[in-house]
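**Q** Put chains B, C and D on the given structure of chain A with help from the hints.
4 protein chains.
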Amino acid sequence: MSEQQKNWFSYPVKVHPHHTDCAGIVWHGAYINWMEEARIEYFQQRGLEYSDFVKIGYELPVVDLALRYHKSMKMGMKAIVKTRVDRIARVKIIWDYRIESPEGQELYVSGTVTLVPVDREKGRIARKFPPRLQLALKEDLD
Amino acid sequence: MSEQQKNWFSYPVKVHPHHTDCAGIVWHGAYINWMEEARIEYFQQRGLEYSDFVKIGYELPVVDLALRYHKSMKMGMKAIVKTRVDRIARVKIIWDYRIESPEGQELYVSGTVTLVPVDREKGRIARKFPPRLQLALKEDLD
Amino acid sequence: MSEQQKNWFSYPVKVHPHHTDCAGIVWHGAYINWMEEARIEYFQQRGLEYSDFVKIGYELPVVDLALRYHKSMKMGMKAIVKTRVDRIARVKIIWDYRIESPEGQELYVSGTVTLVPVDREKGRIARKFPPRLQLALKEDLD
Amino acid sequence: MSEQQKNWFSYPVKVHPHHTDCAGIVWHGAYINWMEEARIEYFQQRGLEYSDFVKIGYELPVVDLALRYHKSMKMGMKAIVKTRVDRIARVKIIWDYRIESPEGQELYVSGTVTLVPVDREKGRIARKFPPRLQLALKEDLD
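Line by line, the protein sequences are chains A, B, C and D.
FYI, this note's numbering numbers position 2 of the first sequence as 2, with every residue one higher than the one before it.
FYI, this note's numbering numbers position 60 of the second sequence as 60, with every residue one higher than the one before it.
FYI, this note's numbering numbers position 52 of the third sequence as 52, with every residue one higher than the one before it.
FYI, this note's numbering numbers position 105 of the fourth sequence as 105, with every residue one higher than the one before it.
Honestly, the hints are just simulated from the structure, not real lab data.
Do not take every clue at face value.
As the list makes no split between identical chains, a pair holds if one copy fits it or if it spans any two.
[What the hints assert, rightly or not] Derived DSS-like pairs (lysine-lysine); straight-line CA-CA distance at most 30 Å:
#1 K55 to K122
#2 K82 to K71
#3 K122 to K6
#4 K92 to K82
Pulled out of the complex, with its shape left as it was, chain A reads as follows:
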């Protein structure tokens, strides 16, 4: 399946006062909360509850994050956090993000986030995906 055909996972959000700063717009770090939430909901829809993944001894820390801020969001505005797995390189999962207005005319933020599975007991990056994660990423690995 080509990149172009890959569907985005959509996670709707709304700007509340605690997301904003004194410039009257969403504080640049607040988008990261939404991006994490979108990722976790993505996994859940594919059968992986993140808290279960933690219970079986793994973590999925962020090792790389790159964001571009195109247009600011203000109090009360709604947006869709769109995400998809762009590609998988060994055990690195590289995600694409686009935070857009509900109808898609405006792009607020775009970016990529890279995760790696960590084996908590060994305290290091897992050499391969644990089966449960492998299953959740099935369609992204093809």
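**A** Structure of chains B, C and D alone, referenced to chain A:
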């Protein structure tokens, strides 16, 4: 209408990693974000978009906050933030809160939050509710 | 020692953009971060490194929190978070807080926070203070 | 002055519970707070109080952010947020960051952040640096 009959407004939430701390539970300050979100959605359902209220020159700052933490929430758990206007004393709006498990068997947090309208231009507490807020609080004022 | 004579522990802070919201003032939940930091520094000055306390199997969760917001703080302002142990009731540690301007003329926030020690292995409130915590609270227990 | 000779500005930080997540480490978004604080202190040391800059009608929003997470930080750990202006391209200010252990043996996070001055009244990017910002960046512009 007696307190007992007053309906709670329900706002569903879910624990994501950014809400938790190293104790593995929701960090005590994180509930305050959810409580604010619930309040703003409450107003919206009653016709007051908070960002519009700000545009016409008002704020609704918190002047008092009291929380009791009954039981901790963990990663992945869902809850309902229940809120209602407990009473109105002149221009003080006193809200009740209960953060409960989805079926209501568990109580995680209970509390009250007091807001007052502030006239931004005058830089002080408004002497009476602006009409738009008055309207949104109509059923709470009876 | 009477309450009046008890010294306050002082923790200096400064308002940065991420503390503020679209009303141009410190967001009401942001003070809770500072209050936690002040408490941890208090313990450290009395010989208890909180991360060590966690390592030996305990937590000190907040079970009660009450804040009054007297005056708002703006971007760039400095303040002193003053805290002290107001009293100890069995295993409850009740802290007093005052967040004031550097010279003490202005009071921004006052409040109380109650902590209890939790034994992580047993998953419940400890029946008495672990020795290390007892030692750190020595002057508050007299 | 060559890049190698440019001094880093150092801003000391410490991990408190509210910075951590259920993985027991600093949550990846929490570093962004520290990075912002370091930048504002940098400007202050060069005579520009950020709140004054806002008062005269400007903002300095982040338009680009790229972070690499090398090693995780745990509760109670201290670090130095090191920053410097890497280069200035027209009105873009590109900052370098390194978050290191106090003695510099460990690198936790490295990254870059790009800011642009925005003229609030016109609602768009300023065509040149306002004089006060120009002055604060004097040694970076040479």
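**Q** If a hint holds in the structure, say so; if it doesn't, say that too.
**A** Cross-check of the supplied hints:
1. K55 to K122: So K55 and K122 pass the 30 Å test inside a copy (15 Å) and across (19 Å) alike.
2. K82 to K71: The answer is both: 16 Å in one copy and 28 Å across copies each meet 30 Å.
3. K122 to K6: neither (35 Å within a copy, 40 Å between copies)
4. K92 to K82: Both, since 20 Å and 28 Å are each at most 30 Å.
Hint 3 from the earlier list is the only one contradicted by this structure; the remaining hints agree with it.
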